[in-house]
Amino acid sequence: MSGNMNLTIKVWRQKNIQSRGVFETVKLSDISPDMSFLEMLDVMNEQLMRENKEAFAFDHDCREGICGMCSLVINGLPHGPDNLITVCQLHMRKFKDGDTIVVEPWRAAAFPVIRDCAVDRSAFDRIIQAGGFVSISTGNAPPANTVLVPKADSERAFDAAACIGCGACVASCKNASAMLFVAAKVSHLSYLPQGKPEKQKRVLSMVEQMDKEGFGNCTNLYECEASCPKGISVEFIAKMNREYLCSSALYAERVYSTEG
Amino acid sequence: MKLESNIPGGPIAEKWTRHKFELKLVNPANKRKFTVIVVGTGLAGASAAASLGELGYNVKAFCIQDSPRRAHSIAAQGGTNAAHNYPNDGDSVYRLFYDTVKGGDFRAREANVHRLAECSNLIIDHCVGQGVPFGREYGGLLDNRSFGGAQVSRTFYARGQTGQQLLLGAYQSMMRQVAKGTVKMFPRREMLDLVLVDGKARGIVVRNLISGELECHEADAVCLATGGYGNVFYLSTNAKGSNVSAIWRAHKKGALFANPCYTQIHPTCIPVTGDHQSKLTLMSESLRNDGRVWVPRNADDPRKPSDIPEAERYYFLEEKYPSFGNLVPRDVASRNAKMVCDEGLGVGGSKRAVFLDFADAIKRLGENGVSARYGNLFQMYEKITDENPYKTPMRIYPASHYTMGGLWVDYNLMSTIPGCFVLGEANFSDHGANRLGASALMQGLADGYFVIPYTIGGYFASSKLDKVNSSQAEFVDAAKSSKAQIDRLLSINGKKTVTEFHRELGHVMWDNVGMGRNKTGLEKAISEVPALRDEFWKNVKVPGDNASFNQNLESAMRLADLLEFGELLARDALYREESCGGHFREEHQTPEGEAMRDDEKFCHVAAWEWKGDNKKHDLSKEDLKFEYAHLMTRSYK
Ligand SMILES: Cc1cc2nc3c(=O)[nH]c(=O)nc-3n(C[C@H](O)[C@H](O)[C@H](O)COP(=O)(O)OP(=O)(O)OC[C@H]3O[C@@H](n4cnc5c(N)ncnc54)[C@H](O)[C@@H]3O)c2cc1C
Ligand code: SF4
Ligand code: FES
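First to last, the protein sequences are chains Z and G. Residue 1380 in my numbering sits at position 141 of the first sequence, and the numbers go up by one each step. Residue 485 in my numbering sits at position 484 of the second sequence, and the numbers go up by one each step.
Fair warning: there could be bad hints in the mix.
Using 27 Å as the maximum straight-line C-alpha spacing, the simulated BS3-like pairs for lysine-lysine come out as follows [to be verified]:
1. Z:Lys1254 / G:Lys497
2. Z:Lys1266 / Z:Lys1249
3. Z:Lys1249 / G:Lys34
Since the hints were made in silico from the structure, they are not lab data.
Input sequences plus hints: build the corresponding full structure.
Listed below in structure tokens is the structure:
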């Protein structure tokens, strides 16, 4: 099916982390409004390859808004102009015939570019590794219904657990802060009884790792919340800040320093 | 080849307990001397890596995404089954076992399925312990829903994101082991080959997807948890990167491939809108609890759906299956949607869609009531189609979703290659010819958390494993042949892109080896797929080089394997002269169009052995015995 939109796409091209990036301009015609944004990029890639050029690199996998892999800044907005969706869920009907669309990678020192718009987000994995878990080994668990979890707590934990680890919050923040991502995981686990015993150690270790990775500070600009495809609320940042303060005061010297 | 399933003796409910006792143990202090490679970090792989690390094994885990948390398992929506019987509605381990065997149309291995049902409750306990936020009641207890045609409520769910929440639990447990140093994680790595030394699986060759470097990794055992091959149809609900490569390469090294023709087509997906379509989106099966499926009785009815009077609507599932109605199993629902569309009654621009209508549910529950149940799904549908499902019925059509076939494994989950274990969707064992809803997550986690930690120990304790080194000939040769394949792909410089070839393969497979299969179509596929494969190797265009992040090269390599595999899938479908579960041979149906099994001739697993390029596979059979769930015709009337 052919469409009826003609577009000018400016994409970020960068061979690898060492090289400098530039914008490349590609003209596309016959784009259908029913295409997803990534399908439009597929069409662009097919066209580039027919012209013997290398395809434009961008991360994606599930194409339904859940794996957190897709990561494009479109006209300055992480995940593009629509709200509460990832870029793979964005459709071309949100654009007009004749538009120029600028496509860039997540930009943050802690997310180095691998190629074009694919970046390295392994810093997030290392933050989880620092404490974003419950220390329970397979076989340890009591029968599921022995621990009651008030529905409200479980729902709030869920609101935080909905984070897909995409990193749009970092990309949208002037300081490239990862607070929303970290706060989401800290809150998810600390709302639940299963996560409470390690709550203090967790928040301290995760925040420490976040700082080590080179993410910036939070100065309460809340761009993160606006760009988050899963609607993770900045209230979790406030909650984490409280937990952090309490934990450093009460816990740091007592346990954390000896336990490591 | 003689297939030894190694099913333990004794009554079905005691087999697993007995087997666990009989398996030899590895001394705790010795565990760290064994290295296990786990390929894949979906539910099966991440849970295996975490549990093996916790036991003290030295684990190396690999995945193709940038983070292990992004495996395709993340996309599962509906839920995961367990036999806790919390709702007091008559569930039990035995009933879950029985339903799964029957749902699989009596083509699964009874002993494995019973073990799966036994593990199901442990999974829920463990995941709750990890902090998985399952849906709860106001009293703080876990909630259940009924799912996919089950007559008991046994599905545990986490809003519409069960897969994500379970995967995060497994991923977090695995990352805890990474911090402890028992698991080493290798993301953005793609397995290209399995390395055998003295006939045993001793390592893998992977491509570093960022630098293009080929790396060899040695180990004492290799676990493949690389998911399903639904992308052989090009369009599917699977993630774009899902592939058959890892298991196919193991297959070419000697692992038998079982029942490749058992593929599942999910009835409720958003229909194709055009050639640009790159994947299909599933709308959760739970929608069939309240939505009614219909088409207009008159072809090409020009009226708005809401203007078509009741009498002129054909609620085909409700009419044909009065007791299950819209809740018939997936294969039945899918096939019936295809039938009405084949009769010309389909709706929408392509005429390949049926309505899923919530008007009655809205009358009964109000818009708010419907929104409380399905709000996020409705929103997703609207984002994709630009239509409001509160006002106009959804349009749905079946799509490739899950693959029951996979590498043949014995009761220990070991393939026909000693030391090569296969977990999750990548193996064949538990779902027979059709998987019931909410049972894939359960299976992946059972394999990873509760089965492999025992059976791999049994293997280590009873095998002699000499030291191997990745600089020895077997590794070097495997890396060389992978490199040669890459160089060949890059040098063809033809005219057609990888996507063009993949789409063509998809058309051939979907049209001839999809929901309805017959001899003529299958023979057509068997001649067209190899022809396409030849053309691919002459005319594909893969720009760029190996020494960089080259996604097109990645796809080309995956497609090269699918082009070999597709032929085997069609051959298996041609061989299986019966209809069972997701495999529907049009020659074998009742006058009412229902599937007809042939238990005399086909009550067995068909396991295929690779014999070399362009040579015919050899067939081995594992006879299936049904001592507890007795063979009967599935009926949902
Ligand atoms: C949209 C959707 C919804 C679903 N909903 C449900 C549901 O509600 N309930 C249910 O029970 N089931 C559901 N399923 C099925 C279920 O999600 C899958 O069967 C299951 O998650 C598969 O898990 P897995 O661990 O076997 O493999 P996957 O999760 O597919 O993981 C595969 C892993 O292998 C890696 N890998 C693949 N190839 C290679 C390679 N060559 N080299 C290195 N690594 C590789 C990948 O990186 C990934 O980490 C759903 C499936 C889909 C598509
Ligand atoms: S908080 Fe939101 S934006 Fe940040 S990683 Fe999670 S889902 Fe993405
Ligand atoms: S590709 Fe998975 S969230 Fe976009």
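Hints and how they fare:
no., hint, in the structure
1, Z:Lys1254 / G:Lys497, "24 Å, holds"
2, Z:Lys1266 / Z:Lys1249, "9 Å, holds"
3, Z:Lys1249 / G:Lys34, "53 Å, violated"
Violated hint for the displayed structure: number 3, the only one.
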